[in-house]
Amino acid sequence: SAVISQKPSRDICQRGTSLTIQCQVDSQVTMMFWYRQQPGQSLTLIATANQGSEATYESGFVIDKFPISRPNLTFSTLTVSNMSPEDSSIYLCSVEDAMNTEAFFGQGTRLTVV
Amino acid sequence: GENVEQHPSTLSVQEGDSAVIKCTYSDSASNYFPWYKQELGKGPQLIIDIRSNVGEKKDQRIAVTLNKTAKHFSLHITETQPEDSAVYFCAATGNTNAGKSTFGDGTTLTVKP
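Quick mapping for you: the protein sequence lines, in order, are chains A and B. Numbering of the first sequence is given in the numbering used here, commencing with residue 1 and proceeding in unit increments. Numbering of the second sequence is given in the numbering used here, commencing with residue 1 and proceeding in unit increments.
These are calculated hints, taken from the structure and not from any lab test. Treat the hints with care, as some may be off.
In silico DSS-like pairs for lysine-lysine, Cα to Cα no more than 30 Å straight-line [said to hold, decoys possible]:
(1) Lys58(B) to Lys112(B)
(2) Lys42(B) to Lys22(B)
(3) Lys57(B) to Lys22(B)
(4) Lys65(A) to Lys42(B)
(5) Lys68(B) to Lys57(B)
(6) Lys57(B) to Lys7(A)
(7) Lys57(B) to Lys42(B)
(8) Lys42(B) to Lys7(A)
(9) Lys68(B) to Lys37(B)
Start from the sequences and build out the full structure, keeping to the hints where you can.
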């Protein structure tokens with residue numbers, strides 16, 4: 001299994017500002033995934049982050065709004081840029097085990113934009 | 001792309017009863033179907049999964065069935081307990097990455113003591 005730590009666990013931000021969310025894993029992983037979970041709703045994949053290459057974004061998500069860094073095999077960041085109240089969500093980091101057979105999630109970052 | 005529908009959105013059962021949550025998917029290429037439990041303030045946690053070469057899988061009080069022809073799969077929880085109360089998500093993925101899934105909308109399960 002993998003243990004994932006996300007920081008911050010929650011934040012309240014002013015509109016127009018940016019927030020960077022950190023994801024630290026206790027083991028080396030090839031792929032890391034960022035999801036968004038809007039209040040009371042399901043999880044939607046934002047992007048897949050590989051070490052050493054640009055992240056791959058899903059339809060509806062763009063790099064200018066959600067820049068991602070993946071400097072090594074245990075760490076990634078997601079930035080939510082130029083925030084608006086519609087960005088208020090839980091942002092979740094996820095990784096796969098070494099066999100790509102199981103996914104693990106961090107506890108999430110609860111973001112409120114005011 | 002893949003589309004996953006999940007029913008019901010809320011489910012309330014008495015302690016000791018069984019609970020069943022159903023999902024359908026659209027992409028016949030999907031071959032991995034995990035179920036996650038999400039408790040308040042926490043990330044989803046895998047509770048059971050099934051792959052397309054298996055029709056049923058059981059782990060103690062939890063079981064999952066898969067009908068590839070009909071493109072639906074179900075979660076069965078027997079002898080429910082109050083601690084089973086949570087939001088349950090089904091998911092499907094057609095590629096080799098378990099972490100890159102399409103999720104259903106979730107079912108809020110309440111087990112009344």
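Now for the hints, and whether the structure bears them out:
1. Lys58(B) to Lys112(B): holds (24 Å)
2. Lys42(B) to Lys22(B): holds (23 Å)
3. Lys57(B) to Lys22(B): It holds: about 15 Å lies between the C-alpha atoms, which stays within 30 Å.
4. Lys65(A) to Lys42(B): holds (25 Å)
5. Lys68(B) to Lys57(B): holds (14 Å)
6. Lys57(B) to Lys7(A): Measuring from Cα to Cα gives roughly 36 Å; hence the hint is violated.
7. Lys57(B) to Lys42(B): holds (26 Å)
8. Lys42(B) to Lys7(A): Cα-Cα ~13 Å, so holds.
9. Lys68(B) to Lys37(B): Satisfied, since the Cα-Cα distance of roughly 23 Å is no more than 30 Å.
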